[in-house]
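In order, the protein sequence lines correspond to chains D and P. Going letter by letter, the first sequence gives residues 0 to 222 in numbering that gives the first Met the number 0. Going letter by letter, the second sequence gives residues 0 to 251 in numbering that gives the first Met the number 0.
Honestly, the hints are just simulated from the structure, not real lab data. Even for Gly, the Cβ is constructed at its ideal location relative to N, Cα and C. Hints should not be assumed to be uniformly reliable.
[Claimed, not checked] Listed next, the in silico DSSO-like pairs over lysine-lysine satisfying Cα-Cα at most 27 Å (straight line):
#	chain 1	residue 1	chain 2	residue 2
1	P	32	P	121
2	P	200	P	150
3	P	150	D	35
4	P	200	P	121
5	P	32	P	200
6	D	35	P	200
[To be verified] Residues on chain D that point at chain P, a partial pick, calculated with CB under 10 Å:
#	residue
7	106
8	117
9	119
10	141
11	191
12	214
13	217
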Amino acid sequence: MNRISLVPTVPFGPVRLPETASQTGGPYVHIGLAPKQAGFDIFENNFGHVLATAHTRGQPIAIEGRVFDGSGTLVRDVLVEIWQANADGKYAHPGDARDLPIDPSFRGWGRAGADFETGVFRFETIKPGSVPAADGVPQAPHVCLLLLARGINVGLHTRLYFGDEEEANRRDPVLNGIEWAVRRQTLIAQRSERNGEGAAVYSLDIRLQDTPDGGRETVFFDI
Amino acid sequence: MSDMTTAVCGRTYGDFAQRDTALHPPAYTPDYKTSVLRSPRNALISTLNTLSERTGPVFRADELGPLDNDLILNFAQDGLPIGERIVVHGYVRDEFGRPVPHALVEVWQANAGGRYRHRNDKYLAPVDPNFGGCGRMLTDENGYYVYRTIKPGPYPWRNRINDWRPSHIHYSLSGDGWAQRLVTQMYFEGDPLIAQCPIIKTLPSEEQVRGLIALPDPGHNIALDSRCYRFDITLRGRRMTHFEPTMQGGKS
């Protein structure tokens, strides 16, 4: 005899518990998330800024950026994390059930502290493929970014798009969801080639506020 | 199968419930001075979850070392760190009460004297040669996590000249999706500095402060060895999505 389970999804308690509140990662966020940068060696296996190996499918690229505060000063203590699809547009997570190949050499996630002197953060990865939005419309290739730092009370989410994907960017539903077309440009990284470096470099400066030199505040998302 | 709800092996991967931003500090909190120049002035742009936000990095137990969740031993050189030995444990669940398994929990903290092992920390209190101050672990199938450490000390910081941080342990949680990520701090029940702290005062309500305070859990003390604290964490709720949004709906 078949039995019907009557056990509810939430057995006890309120329907919706309050999310635990966010607090700043503080100035010493590196101790927990990038201890080598804090100045010591404690873990055998460290999470870092290199996402791709020589075996990873796709076009090798570097992503570089800087973060500025509202005075135009570099935020040298910022820690940045990125999350992206592989070259086929597939996320290495069971929630992406589409019939596309996983790349076993590519998790799609990394973290990097800005250099304490230059303020530059850098990732070595591959250019992601396109991933559809909720209604199946393709999104332009993009990388999700999270910024953590002293003075940032809730981690700031933004996205990086690629300057050489103009047509895809023009159709991207998230970019087009930014009402102010002039602000969309704050998410577009510019491509450059450097002598001696095999991979193309995409550069993005992030501004937490408008800066005195006329730079516009980056678009941040409530995801 | 709906694209909005992907069921794999009994687990669902729907989108995340909209974040209740009123439960979090605002970006601009002038009494916490550093926030003034580091807070966006524009409203956040709200987006529907896509696969990019519903998925997130997956971590495996074999990526972590056997002492990674033992801050008493994971940097010990020729002795043990100084300070009160404590065990901290709890459950990570989502807003709908479901456990969040296999989440990466990373913690970091000052030593018993309130000094961080960080090249930029110049506080007078000495670095403890046997204490690193960071650890990490994965939650188990039930969302449970546990680690052992030294109770961190309070320390003064440059905000106003006599502001002190209460004893606290920083937390980073990966969750099970990019939108579920949370970075926060845990405080200790009974600490008189909690009521004075400009960073805690960024929180919007007493209830949300209460949610960051670990409670003594004497039932789990290790006899003649360590005290125990309990700290549960609630992450964004993963929705069971029965109806997809109509993309043309909604007015600005």
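Results of checking the hints against the structure:
1. P/32 <-> P/121: holds (20 Å)
2. P/200 <-> P/150: holds (22 Å)
3. P/150 <-> D/35: Measuring from Cα to Cα gives roughly 23 Å; hence the hint holds.
4. P/200 <-> P/121: holds (25 Å)
5. P/32 <-> P/200: holds (12 Å)
6. D/35 <-> P/200: violated (32 Å)
7. 106: holds (6 Å)
8. 117: Check failed: Cβ of residue 117 of chain D comes no nearer than 15 Å to chain P, outside 10 Å.
9. 119: Check failed: Cβ of residue 119 of chain D comes no nearer than 17 Å to chain P, outside 10 Å.
10. 141: holds (7 Å)
11. 191: violated (25 Å)
12. 214: violated (13 Å)
13. 217: This hint holds: residue 217 of chain D lies near chain P, its Cβ roughly 8 Å from the closest one there, short of 10 Å.
Of the numbered hints stated above, those contradicted by the structure are hints 6, 8, 9, 11, 12, listed in ascending order.
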